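J.: These are the residues of each chain, in order.
Number of protein chains: 2
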Amino acid sequence: MIQPARASALTLADLEAMDRDDPLRALRGAFVLPDGLVYLDGNSLGALPRETPVRLQEVTARQWGQDLIRSWTEHDWIGAPQRVGDKIARLIGAAPGEVVVSDSTSVNLFKLLVAACRLRPDRPVILSEPGNFPNDLYVAQGLQGLSNGGVELRLASADRIESAIDERVAVVLLTHVHYKSAAVHDMARITARAHARGALTLWDLTHSAAAVPVDLNAAQADFAAGCGYKYLNGGPGAPAYLFVAQRHQATTVSPITGWLGHARPFDFVDEYAPAPGIGRFLAGSYPILGIAALEVGVDLMLRADAQSRLDKSRALSELFVALVESRCAGLGLEVASPRDAPVRGSHVALRHAQAWAVMQALIARRVVGDFRAPDLMRFGFAPLYNRYADCWHAVEILRDVLQTAAWDRPEFKQRQAVT
Amino acid sequence: MIQPARASALTLADLEAMDRDDPLRALRGAFVLPDGLVYLDGNSLGALPRETPVRLQEVTARQWGQDLIRSWTEHDWIGAPQRVGDKIARLIGAAPGEVVVSDSTSVNLFKLLVAACRLRPDRPVILSEPGNFPNDLYVAQGLQGLSNGGVELRLASADRIESAIDERVAVVLLTHVHYKSAAVHDMARITARAHARGALTLWDLTHSAAAVPVDLNAAQADFAAGCGYKYLNGGPGAPAYLFVAQRHQATTVSPITGWLGHARPFDFVDEYAPAPGIGRFLAGSYPILGIAALEVGVDLMLRADAQSRLDKSRALSELFVALVESRCAGLGLEVASPRDAPVRGSHVALRHAQAWAVMQALIARRVVGDFRAPDLMRFGFAPLYNRYADCWHAVEILRDVLQTAAWDRPEFKQRQAVT
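Protein chains in written order, with this note's numbering: chain A, 1 to 419; chain B, 1001 to 1419.
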């Protein structure tokens, strides 16, 4: 791993040599990456696997087009959520039968929050942190409104989360890797603390899965959910997934009791009966095209040796921070992510007073990260396709944009919504 | 329109002549239909439009692959749910801004049921009918469980629905076209009755949209939802849609308050504030691949003249019933759908003691319908690609299967789950 102190001595040739030695280098070729683009936004929308359009062609032209309705059994569409869920399980320290692909992260968080609260009916509090990914807070607020006072959202800053877990807390809802800062919560410690106080945990793994070490069962986590379109490379708005620890499956039920979560959906009886395992958290007919695309991304991730993948994630972000510190000093940037690699996810946030305009200028120079209000630029590092040399080019262009004030042009200052 | 009395005099040549005169005949070529297959299951999974794989190639290889994250604005991914929702609105008598594509039908029914119940907080009852599509009952049962006694599901048979609407009913939840029998509820009359008693209506349009006349606003319907994978030809597990009458939009909110239903999602503030219009019923990141495929199907539907489309739906099912009655008499079949076309949807259910085995034998002979427990075969008629001659071939093969007892073979009697 690159040490920051060495960064100022590094040359592009050094980084190109590291890319040649990268045990994962062959996997870059499995992705479509436009020529000359330094894509550091895989933490927002992962790159397209070359296989994905081929697979979609197979699922549409061949399966849907030719085999039509019988594809549900013949091509195991019916088993897709659990099949792909079992694959994702291997990336997040879960066992087979503990993960299922379904709906969106928001809907899954809703389902799991309700399930968790119903396991602790005498405890009204959902505990989270201010500045958590807003979606997670919104979902909790929606549940609060729905409960007529039965549920209460309590916020405590990251350093006070553990002490805020008391006997009124039903569930601790946290994003494992913070969407802005990339700060990593200690899943095992917080979960242990929650359990000691009789509370449960629900982890949003959106910025974690496949990018940082996650071991849900080692941490004895209760519930988790995450999206498919970031590091899993499942495509825009890819289906999400959810995790329910095996020990909770028989005693929890989704509030959205759709027919494909029924124990015998094709009996078409009037009375709901939950499927025996994780399947009870399914609801409506599942998005076969989306799951097919997601499976390609997950399969690619599983082709990489896990340790090499996690080492490279860390090495890339570590290198980026070191290069920024050594080559962009005095240019108005502040590293807004933890400097300590083990508590940082696979993206790096840089603060700059003109962050929006600087990011637009970078994009115009073919370095793609993203902006998060009010003053952060995010750069995500995807171990399967980003190169050490990408970090070099990104930082050199960033330095040039700042030194020449290239961002200070009207077209870079006009804000519009982006994801 | 074919009169049943004339059916016994009809010949295949007559029907082929009707196909030649069909004003929609050119649209059949817009779909992939395997040679020699009589596909009468478009009410379960609509056929593949030829354009869909092309569009998916464009959205994946070009948009996702080359333009990556900026596609959200550049290719208007961000506006897709409302853009396609506005198109679906034209098929169901809704106005622009009243329909949005999102989630699954189950999740949408959950959102709308909760929204409806919260508009009538002093009324505990969701009224539906026994034997309604079980999913809808399951979702209501889930909400009942969630409400700790605050919500109660009451069932009344179709002929007693109107008299069962009393001052305790918050919302009437009905599937407009029954999934088994194809019986059509009188949306305007039931809605008027509900409104006269202070109740609201939520219509499941899954078997209706694009297949039978639906005019939500003429009926003054309050809420509706439906799927994208049947007559809309959006593909397996296509995204669903929901309708909220404009007059309710400012006073209702989804229980699943995800970030893309926020008024300013990219401000990333901690407090939820619902988007001003129908957008507040969106939740998580939406399935761009699925919406792209759905849009192709909806666009095709809009290419057909609406009256021709609805006339042909009715003529096809009318012809099928007439042919069955005239050519399969005495073979153990019973028409389990209303005989009166205006109160029948675009599929026909036939009852037979060995329905499962008969359907398997039909499928082996390349006539595809589906089975619904315990004893029904369903045949769906899709006006854009089914032909009058298809009805002839289906009925001739059905007659042969029954006359020769071709269904009475072990391989046709082994049940497995299908959708």
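Hints were generated in silico from the structure; no laboratory data involved. Predicted, not measured: the structure shown is a model, and the values here were computed from it. Among these hints, one or two may not hold up.
As the list claims (entries may be wrong) - With the C-beta cut set under 7 Å, the calculated list includes, among others, these residues of chain A facing chain B:
id : residue
1  : His75
2  : Ile161
3  : Ala192
As the list claims (entries may be wrong) - Pair ranges (Cβ atoms, derived):
id : chain 1 : residue 1 : chain 2 : residue 2 : range
4  : A       : Glu74     : B       : Glu1271   : 22 to 28 Å
5  : B       : Asp1400   : A       : Leu119    : 22 to 28 Å
6  : A       : Glu74     : B       : Pro1023   : 43 to 49 Å
7  : A       : Arg247    : B       : Asp1186   : 49 to 55 Å
8  : B       : Asp1400   : A       : Asp67     : 23 to 29 Å
9  : B       : Gln1066   : A       : Gln66     : 44 to 50 Å
Claimed, not checked - Here chain B is said to cover these stretches of chain A; the calculated rule only asks that three of the stretch's residues, wherever they fall, bring their Cβ under 8 Å from a Cβ of chain B:
id : region
10 : 26–39
11 : 200–210
12 : 316–323
13 : 338–351
14 : 384–392
15 : 400–413
Even for Gly, the Cβ is constructed at its ideal location relative to N, Cα and C.
J.: Evaluate each hint against the coordinates.
T.: Going down the list of hints, with the structure as the test:
no. : hint                             : result
1   : His75                            : violated, 10 Å
2   : Ile161                           : violated, 16 Å
3   : Ala192                           : violated, 27 Å
4   : A:Glu74 - B:Glu1271: 22 to 28 Å  : violated, 49 Å
5   : B:Asp1400 - A:Leu119: 22 to 28 Å : violated, 57 Å
6   : A:Glu74 - B:Pro1023: 43 to 49 Å  : violated, 35 Å
7   : A:Arg247 - B:Asp1186: 49 to 55 Å : holds, 50 Å
8   : B:Asp1400 - A:Asp67: 23 to 29 Å  : holds, 24 Å
9   : B:Gln1066 - A:Gln66: 44 to 50 Å  : violated, 29 Å
10  : 26–39                            : holds (count 4)
11  : 200–210                          : violated (count 0)
12  : 316–323                          : violated (count 0)
13  : 338–351                          : violated (count 0)
14  : 384–392                          : violated (count 0)
15  : 400–413                          : violated (count 0)
Hints 1, 2, 3, 4, 5, 6, 9, 11, 12, 13, 14, 15, counting from the list given before, are not met by this structure.
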